[in-house]
Structure formats: structure tokens, C-alpha cells
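Asks: Please build the complex by placing chain B on the supplied structure of chain A, with the hints as guidance.
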Amino acid sequence: MSIHLKAKFLSKSYKTKKVLNNISFDVFKGNILGLVGKNGAGKSTILKILSSLIDFGGDVFINKKSIKNTDSEHKKNVGYLSENNPLYMDFYIQEYLTFIGNLNGLFKDDLEKRKKLVIELCGLNSFQNEKISNLSKGYRQRVGIASAFIHDPDILILDEPTTGLDPSQILEIRELIKNLAKNKIVIFSSHLLNEINEICDKVIFLDKGNIILDSNLKDLKNKHNNISLDKIFNKIIPD
Amino acid sequence: MYTIFKKEINVFFDSLYGIIIFSIFFLINGLFIWIFPSSNIFQYGISSLEIFFDVVPYIFILFISSITMKIISEERSLGTFEILLSQPISYKEIILAKFLSCWFLSIFLIFLTFPYWITIYYLSNPLGSIDNIIILNSYIGLILLVGAMNSIGIFFSSIFQNQIISFLSSCFIFYLLYEGIDMINFYDSINLIDSFIDHFTFSYHYSNFTKGIFQISSLIYFIIVMITFFYFSLVNLRINLK
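Chains A and B supply the protein sequences, listed in that same order.
All the letters of the first sequence, read from the start, carry residue numbers 52 to 290 under our numbering.
All the letters of the second sequence, read from the start, carry residue numbers -2 to 239 under our numbering.
With the rest of the complex left out, here is chain A:
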């Protein structure tokens, strides 16, 4: 089944500060959408809105169905990895995945199958009986990603998933995201433009809560004579 996510006139203010200004975009199944912007541009806020974590103005439609007032139903369809990747450090990996699986309605055989699959895909095989607190940052990030898609959601939302990882871990996580995106919508934010260049189909440049650019990555590069994404970004959003 095809999935179409459409965000219409999203806005958000924290007290008197407006962090999102009526922004709209859409994304389809199989696409990886990258959100790029400086600190405070509104990337994390968009991801939190799409995960139904915060109230917002405007609306988001999944296959023409609004996510407003359907928090629990929508969350079943979304996997979210937060920027800081909070985890229960005293849990063992298996125990943590069981906990998240249970919260998403997975039990017994279904849960075991999904656990086995996500552990395999995230390269956690040799650590599955470890306590999370004993893992390196890279492996904790993998646990966060594994828990985000253990319930096989249609939409995967990842807030800076490669921050703090070493180069080889970054490459592995990128490969994982590309694999997962084949039958899902993946939306993620990053400061690393080469990362966006590597894995995204579509890119949105944000600045102070506004969309400055929303384009297919190939079209964007063709339009700018295949110069690097960093240069395009600096050209469009100068310091």
C-alpha cells in the first residue's frame, strides 16, 4: 500500500517565540526526506510534530487522514528516535526491545520474530544480552534505531541519528537507513550535508522556522551544476 504524508501549514510557538511558520511539505513511501538547517531552524520541532509528541498549528495527513486527535493510532504507525536517544540504561537490550514491543502491542512469537530481525539488521547480535549501560555510544544508537522500528512502522522519524558516531558506524547506520527506507517513509534531520547527499531522495532547507527550499535532491544538484550540497546550502542560507 502506498503511503503519503502531507504536512500543511505547520506552526509552533514556545511561549512568545515562534519556531515554525506555516510550513508545508509532503513525502511518499520509499522516500528518504532530509531536514537540514542551522541550530534552532525548527528541524526537531517538525520531527516531534510528526511523531505526535507536541501540539501544533496546521495539520498532518497520512493518506488524507489527519493525525490530530488520533495520537495513539498514529503513534502505532511511527517509529521515533530522539536527538539525545534516551534509553533505560539498566535494561538489557533484549529486555528493552521487549518493553518497547509490548507497548506497541507485540507479544510472544510476533515479538520474538521482530526482535530477532531488528537485532540482526542493527548488528546487535553479539551484544543482545548486554546491559545498555555497558554499550558504546554507537551501539546505544543502534539500540535506539532498533527500538524505533521494532513494530514495523510505515514512517520512521530519526533526529540526527548519526551524531557522535565514528566514521565506520556512520556508514553502517546510513546503510541501515537506506535499507529500511525501501518500504517506509524515512524522515531525518542532520547537520551533515554529505550525509543528506548520500542517502536522501528529497531535501528541505530550513531557516528560522521557514522552508527555504524543498526539492528533489537530483533536481537540486542539476539546477546548481552538480556543485556540492554544502556550497548550495551556503549559497541559499548564508551565515
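Each hint should be verified, as a subset may be incorrect.
BS3-like, lysine-lysine: derived pairs with alpha carbons at most 27 Å apart [claimed, not checked]:
no., chain 1, residue 1, chain 2, residue 2
1, A, K116, A, K127
2, B, K4, A, K188
3, A, K127, B, K239
4, A, K127, A, K167
5, A, K159, B, K67
6, A, K115, B, K239
7, A, K57, A, K229
8, B, K67, A, K182
9, B, K239, A, K69
10, A, K127, B, K3
11, B, K239, A, K259
12, A, K182, B, K3
13, B, K239, A, K116
14, B, K239, A, K119
15, B, K239, A, K57
16, A, K235, A, K167
17, A, K57, A, K89
18, A, K66, B, K89
19, B, K239, A, K164
20, A, K282, A, K272
21, A, K119, B, K89
22, B, K208, A, K127
23, B, K67, A, K164
24, B, K89, A, K116
25, A, K269, A, K233
26, B, K67, A, K188
27, A, K272, A, K66
28, A, K59, A, K119
29, A, K167, B, K89
30, B, K4, A, K159
31, A, K164, A, K188
32, B, K239, A, K68
33, B, K239, A, K66
34, B, K67, A, K89
35, B, K239, A, K59
36, B, K4, A, K127
37, A, K259, A, K119
38, A, K229, A, K167
39, B, K4, A, K182
40, A, K167, B, K3
Worth flagging that the hints you see were computed from the coordinates, not collected in a lab.
Replies: The following block gives chain B in isolation, referenced to the frame of chain A:
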């Protein structure tokens, strides 16, 4: 909801923190009930658990403040509350699961004091000459009292991200509601409102049960406190996090 309830119980029993809190509870209780000359049951001369039911609310002030202080505030300060919020469960379910887990732990602890009842039963002379109705009602009153305390403790845990502030606030309010308001009785000038204020204290309603009276109004009072602070926690979290 059961998943979060189970997690809270497991976390408590898996940690050193849980074992310490349980041990301290029984140590303090044991000292007051069986050892300290001024309060021990042997000196009391009557086969009754009155001393236990007089002392245990004060111990619960510390115990419940300790278990509820971290239940939300720790998760918020560590960021793990976001894990729960991103799952297909509502705020209501999260708070209810946390409340029920704390209440369950308190009731479990109360249940572990049942041997006191059996001991007194066998110590009484003639055998079995104890008022079981008073003891049963006192246990019901205690279960309701700790339910109300847990609901208030969770509310403070939802307000403060600092666990120490949450602990101190809970202790203060528990003491105020249990005994502090009663202290106002010492001031003759406001005697007129004494009886009215009394109806808002924990001690007034709890003492009905410890006298062996099952008062529906006291039952309703404790249920209202539980529901009110449950909704305060809910509203506070929704306003601050949504």
C-alpha cells in the same frame, strides 16, 4: 498500561534502591513496634495493633515520598519520559500505570506486615482475644491513605525534575495533611473553623478506620484525593510537555 506497571515494579525490585527502602521501612517499623520501650507492643498491655497503625503513617510519609520522587521526575530529567510519550499510549495510561505501581508497592509492604496481626493473635491471652474488625478496618484505612499519598507524591514528581525537591515537597504536604492542619487546633482563636478543617485532614478520616468504623464518607474522601491529584498530574504534564 500493564507493560509500564510491570516495568516500574521490576525496576524497583531489581535495584538496590528498592531493597534499601524496604529494609528501612521494616527496620523503623520493627524498632517502634517491638523494641523501643516507649512504644513497643509488649509494654502496651493490650493485645492490639493500635501502636502499629499510629506509627506506620509517619513511616509511609518517608517511604511514599521516596518511591514517588523518581517515578516521573527522574524520567523527565533523563529524557526517558520521551520514550514513553512516543509510544501508542496516552498520558492518562502512563500516569495511571505509575500510580498503580506505587500503590501496589505500598500495599505489598502493608501485606508483609500481616504477620504482626498473627503474632498479636497468638500473643493474646486468652488466645485470639483481639478485635479483628478494628484491625481489618485499620488495614483498609491504611491502604486508602497510602493510595491518596501516592497520588499526591506522583503529582509533585510531575512538577519537579529535581528529585530532592519532589521528595521534600511530598514529605511536607503529607505531614501537613496528616498532622500539620490538626496543629491549628492549638490556636483557640480559630476554633470555629477547626471542625471544618478537620474534614480535610488525612488523620481525621484515617482515624475513623482505626477506631473500627468503616465510614463511607472517609472512603469517598480518599478516592477524591486520589482522583484529584491524578488529574492535576495529567494536566500539569500535558501543559508542560505537549
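Asks: Would you mind marking each hint as holding or not holding in the structure?
Replies: Hints versus structure:
1. A:K116 to A:K127: Within the cut-off at roughly 14 Å; holds.
2. B:K4 to A:K188: Since the Cα atoms of K4 (chain B) and K188 (chain A) sit roughly 24 Å apart, the hinted pair holds (cutoff 27 Å).
3. A:K127 to B:K239: 18 Å, holds
4. A:K127 to A:K167: 20 Å, holds
5. A:K159 to B:K67: Judged against 27 Å, a Cα distance of about 31 Å means the pair is violated.
6. A:K115 to B:K239: 24 Å, holds
7. A:K57 to A:K229: 21 Å, holds
8. B:K67 to A:K182: 21 Å, holds
9. B:K239 to A:K69: The hint holds at about 16 Å.
10. A:K127 to B:K3: 21 Å, holds
11. B:K239 to A:K259: 21 Å, holds
12. A:K182 to B:K3: Holds. K182 (chain A) to K3 (chain B) sits at ~19 Å (cutoff 27 Å).
13. B:K239 to A:K116: Holds. K239 (chain B) to K116 (chain A) sits at ~21 Å (cutoff 27 Å).
14. B:K239 to A:K119: 13 Å, holds
15. B:K239 to A:K57: Holds: K239 (chain B) and K57 (chain A) sit about 21 Å apart, inside 27 Å.
16. A:K235 to A:K167: 20 Å, holds
17. A:K57 to A:K89: Holds: K57 (chain A) and K89 (chain A) sit about 23 Å apart, inside 27 Å.
18. A:K66 to B:K89: 25 Å, holds
19. B:K239 to A:K164: 34 Å, violated
20. A:K282 to A:K272: Within the cut-off at roughly 11 Å; holds.
21. A:K119 to B:K89: Given that 27 Å is the threshold and the Cα spacing comes to 17 Å, the pair holds.
22. B:K208 to A:K127: 51 Å, violated
23. B:K67 to A:K164: 34 Å, violated
24. B:K89 to A:K116: 24 Å, holds
25. A:K269 to A:K233: 18 Å, holds
26. B:K67 to A:K188: 25 Å, holds
27. A:K272 to A:K66: Violated. K272 (chain A) to K66 (chain A) sits at ~38 Å, over the 27 Å cutoff.
28. A:K59 to A:K119: 12 Å, holds
29. A:K167 to B:K89: Violated: K167 (chain A) and K89 (chain B) sit about 32 Å apart, past 27 Å.
30. B:K4 to A:K159: Judged against 27 Å, a Cα distance of about 17 Å means the pair holds.
31. A:K164 to A:K188: The hint holds at about 26 Å.
32. B:K239 to A:K68: 16 Å, holds
33. B:K239 to A:K66: 12 Å, holds
34. B:K67 to A:K89: Violated - the C-alpha atoms of K89 (chain A) and K67 (chain B) are around 35 Å apart, more than 27 Å.
35. B:K239 to A:K59: 19 Å, holds
36. B:K4 to A:K127: 20 Å, holds
37. A:K259 to A:K119: 25 Å, holds
38. A:K229 to A:K167: 20 Å, holds
39. B:K4 to A:K182: Holds, at about 16 Å.
40. A:K167 to B:K3: 23 Å, holds
The structure fails to meet hints 5, 19, 22, 23, 27, 29 and 34 from the earlier list, while all remaining hints are met.
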